[in-house]
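Dock chain B against chain A, hints included.
Protein chains in written order, with my numbering: chain A, 1 to 291; chain B, 1 to 422.
Treat the hints as calculated values from the structure; they're not laboratory data. All of these numbers come straight from a predicted model, not from anything done at the bench. Treat the hints with care, as some may be off.
Stated by the list, open to error - The calculated DSSO-like cross-link candidates involving lysine-lysine, where the alpha carbons are at most 27 Å apart (straight line), are: (1) Lys74(B) <-> Lys62(B); (2) Lys52(B) <-> Lys137(B); (3) Lys250(A) <-> Lys221(B); (4) Lys421(B) <-> Lys250(A); (5) Lys74(B) <-> Lys250(A); (6) Lys62(B) <-> Lys339(B); (7) Lys52(B) <-> Lys250(A).
What the hints assert, rightly or not - Quick look at which bits of chain B chain A covers, simulated, 3 or more residues with Cβ under 8 Å: (8) 185-197; (9) 247-255; (10) 391-403.
Here a beta-carbon is modelled for each residue, glycine too, at the ideal position from N, C-alpha and C.
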Amino acid sequence: MSHKSKSAYLFVAPAVLLFAFTILIPIVMTFAFSFYDWNGFGAMTFIGFDNYARAFHDHVYWNSYWHILIYIIATVFLEVLVGLCLAGLITMGRKGSSLFRIAFFTPVMLPMIVVSYLWKFVYNSDFGMLNSVLTGIGLESWTRVWLGNPDTALIAICLVSGWVYAGFYMTIFYSGIQRIPKDVYESAYLDGASEWTIFTKIKFPMIRSLVDTGIMLCVLTGFQAFDLFYVMTNGGPYNSTEIVTTYLVKVVFNNMSIGYGSALAVIMTLVIAIIGLLAGKLQRKDNTLEY
Amino acid sequence: MKTKWIMGSMAVVLATGLAGCSGSSKSEQTTLRIAMGSPGEGLIKVWEDIAKQFESQHKDIKVEFTYQKDDTYKYIGLPNLLSGKNAPDLYFEWAGVRLNNRIQDGYAADISEKLKTSGLGDQFEEGSFNGMKFDGKTYMIPTAGDVTNVIYYNKQIFNTLGLEPPTTWEQFLDVSEKVKAANITPIVVGNKEMWPAGNWIGHLITRVVGEQAFDDAMQMKQPFNSPDFVNAYNYVKTLWDSGYINDSINAIADNEADMLFFNGKAAMHPIGSWLVPTAEEEAPEFEMGYFNTPAMPDGKGNQDSVIGVLTGMVVNKNSKLIDEAIDFMKLYSSAESSKKLSEAGAVPITKDGIDKAAMNPLSSSMNDLLQGASGVVSPPDMGYNIEIANALYLATSQVLSGARTPGAALAELDNSIAPLKK
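Only chain A is shown next, with the shape it has when bound in the complex (with noise of 0.2 Å):
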């Protein structure tokens, strides 16, 4: 007996160990760390709840937060809403709608460095596009520094997300109404159902349970976001669209607080963590549709 579960553990160690050694010793070493006031190099002093005390004061962190709020609410509309909408009219079985399906998917298909700078590029006020059709058409008084101004880099930078992943979305929902079978349409369809009915009244409900899935994805995936920040703006002007990474990494990269920048990890961890837990309490039980 005792044999056969000593091989059991020598099965499961190759396992255990790559996980230990890629997942469970850097939470434990991040957590650790979150107590020492240390460079990465130089002697660590252990400080206690100091870094935390000093989490709790760091307007900029906190306003990180805000910021990725922002972020998610635009992107479940500029992302999931707008991929639904699309994949509402490319399934109306138009002409030309393969056509329009590929165009939306393109952009998801890009690296998202690639769309940072080519986004950069058209938000460029000197001679980017967007300033010089706006200028073009007469409207030379809405032109903007998109980037380098408070108050619109963080929309400008939503809605590039959404250029991208509105395409994403479409095709899972696009795929989630390939599956509802052709009969519920046709007698929507006998019973003079227009186009704008059997979107709100069938082909919606019946991927419902797609769309809760798509913005919980959207949520979750918000506090990820990094690259399109990073390239895009670094968190300026000001602070204006600094995100929970992208502060963490200035924090341990630029000023080399490797212990201030743990207890920032840890707290976001935490934060993420009682974000799912609400989420998968307030998911509803009953998805069932029936008809």
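Structure of chain B alone, referenced to chain A:
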């Protein structure tokens, strides 16, 4: 995505750290270890040439180089190497506050005597040792210098408008006004990363509040929010309020601002001496000149100071090969080596071996500016706590683009660095 990035960087850090720890395993030290940020392929070849020459003169010694990525070397690599087992005997460092920290930590040898007896000291002008002497003792052998900010101007625009490079603040405003009246952006700054304006305005602040007051504030001995600092920021505010700065200041990076300047979109561009080689490469036809930060009215600081940093090699105090290290640097600073270094694109500052005629006149004149300066101010991010420097840069960017009043920005600055007080 984020985690990947961080893990990647950590791996780099670890790898360089390990590289620093490994090395030769011989017990008696016959290896002269030299550490520096990577100077680029061309210059590495020159260093290795000199090493070969050195080895042929010292048969029992082998020279070993450690090159690291600049940023890594500056903050993590060098401290790691110095505290490691095979610490470098000779290492690259920035003069000023950073060098002083090394001296305090016991990693810099006093080489004043050796410079005299070996004749190495005579290979440089006196001014080349700016920021390398503490309490009358010299701790560094200079290799290069960077003026980190002057204000470049477009000669063609200045000639067309009949303008002269300004020397005082009033003249500077006057010139800016005339350029603006001609429908050209007077000053272009690419401040997305916040150090370009931070560095320039840092110099302006020391001119107004005085070097000592600036030093005290940067070391948290005095708060930033004081009448003198408000006064300094008020000058800065004027630039934005009068519309002398490009609107896109916060949106573009330093290299984008360089391009706008080269394209004649702006008349003036404050940045460091590295713009000269950039201009040679990107806009060889472009005609530019430069002037130092103008003298500030009623300034408490030295109005002729230059902001910049000399760099050089430090002999490790704990090294057993101090004489050999000096010998190596003597070889490095020889006229013959300087010639090789110039050819490889460096701007050496030795007395001999430099063909000034072959050098870009702007580069050589900036070398003279730094060496002849009656006072050298360190860039805020060079000598001081990097977090305080970054906080100051943020405040500067807020004032320079009209987002905060001087008082509000300084109060916020004091507030944000308060937790750093130990």
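So is the region 391-403 of chain B in contact with chain A by the C-beta rule, three or more residues under 8 Å, or is the coverage claim wrong? Our answer is that it holds, as 5 residues pass the Cβ test (under 8 Å) against chain A, meeting three.
Restraint status (C-alpha distance of lysine 74(B) to lysine 62(B) at most 27 Å): 25 Å, holds
Between the region 185-197 of chain B and chain A, are there enough contacts, at least three residues with CB-CB distance under 8 Å, for the coverage claim to hold? Our answer is that it holds, as 3 residues pass the Cβ test (under 8 Å) against chain A, meeting three.
Restraint status (C-alpha distance of lysine 52(B) to lysine 250(A) at most 27 Å): It is violated: about 41 Å lies between the C-alpha atoms, which goes past 27 Å.
Assess, step by step, whether the Cα of lysine 74(B) is no farther than 27 Å from the Cα of lysine 250(A), and give holds or violated. 16 Å, holds
Compare the distance between the alpha carbons of lysine 62(B) and lysine 339(B) with 27 Å, and conclude whether the hinted pair is satisfied. 24 Å, holds
Does the structure keep lysine 421(B) and lysine 250(A) at a Cα separation of 27 Å or less? Distance of about 20 Å is within 27 Å: holds.
Count residues of the region 247-255 of chain B with a Cβ under 8 Å from any Cβ of chain A, then say if the count reaches three. holds (count 6)
Hinted pair, alpha-carbon criterion (27 Å max): lysine 250(A), lysine 221(B). Please report holds or violated. 25 Å, holds
Holds or violated: are the alpha carbons of lysine 52(B) and lysine 137(B) at most 27 Å from each other? Distance of about 31 Å is beyond 27 Å: violated.
Hints 2 and 7, counting from the list given before, are not met by this structure.
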